[in-house]
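*Asks:* Start counting at 1 in the sequence shown, then tack on 7, and there's your number in our numbering.
The hints are simulated quantities; they were obtained by calculation from the structure and are not laboratory data.
Any given hint might turn out to be false.
What the hints assert, rightly or not - Calculated lysine-lysine pairs in the DSBU-like style (CA-CA distance at most 35 Å, straight line):
hint	residue 1	residue 2
1	K200	K126
2	K230	K75
3	K126	K168
4	K126	K69
5	K59	K75
6	K119	K131
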Amino acid sequence: MKALFRRFALTLLVIPLARPALAAEVNVAVAANFTAPMQVIAAEFEQATGHKAQLAFGATGKFYAQIKNGAPFEVLLAADDETPARLEKEGFAVAGSRFTYAIGQLALWSAKPGYVDAKGAVLKQGAFEHLSIANARLAPYGAAAVETLTRLGLLGSVESKFVQGENIAQTYQFISTGNAELGFVALSQIVEKGTLKSGSTWIVPSSLHSPIRQDAVVLTQGKDNPAAAALIRFLKTDQARAVIRSCGYAL
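Using the sequences and the hints given, assemble the complete structure.
*Replies:* Pasting the structure below:
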């Protein structure tokens, strides 16, 4: 009996040691709009699998250039579907690993309560001095904002008021600090646990811009990394999808 107990105790000691021995790290380039949900998902991913995700946040366009220049990223979570497809076509991503992990929603937001109306008419009134917008060449949410203004026939009248952020995170910062009265952000940036943050918001109808399909892909540098494959699998789980949905994305 004592021998059996000793073997059982030894097993208990061995089990916690085995998991880190199999664990790996994966370097992940993440679109700035997906910062909040990915921080939660990365923590849950590590708890569930033992693997660790090292996250870098920024503009999808900049990540594209960095990846082509040899940046050590192994997974890309883009803010669009075109960039991962282009990387796959050009041989920088693993064929067949690409999938849509979220569909983004664009919002016009002001940190001031009552400033933005529920239909976005504040844009037509033009009584503001600064309109924050992400760089449309680098950030898909910026491109969606330009497309929205174009369809509304307002681009020419408000373009001179643009305060341009390098990415959607910087755009949000301009608005939250009062450097711009209002601006276009990702809905996920102003949602916490399914509730809108303080301020005022117009959720832009999806009919005013092309769908913001956000694709993930394993990059060639991560093709042999088990943590990269595990992260892609985890993003498809109900656990991860619940986080994504709660942060203001469609699926």
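*Asks:* The structure should be examined with respect to each hint, and the outcome stated for every one.
*Replies:* Comparing the hints with the structure gives:
1. K200 to K126: Distance of about 24 Å is within 35 Å: holds.
2. K230 to K75: 16 Å, holds
3. K126 to K168: 20 Å, holds
4. K126 to K69: The hint holds at about 33 Å.
5. K59 to K75: Measuring from Cα to Cα gives roughly 24 Å; hence the hint holds.
6. K119 to K131: 18 Å, holds
In terms of the numbered hints stated before, the structure departs from none.
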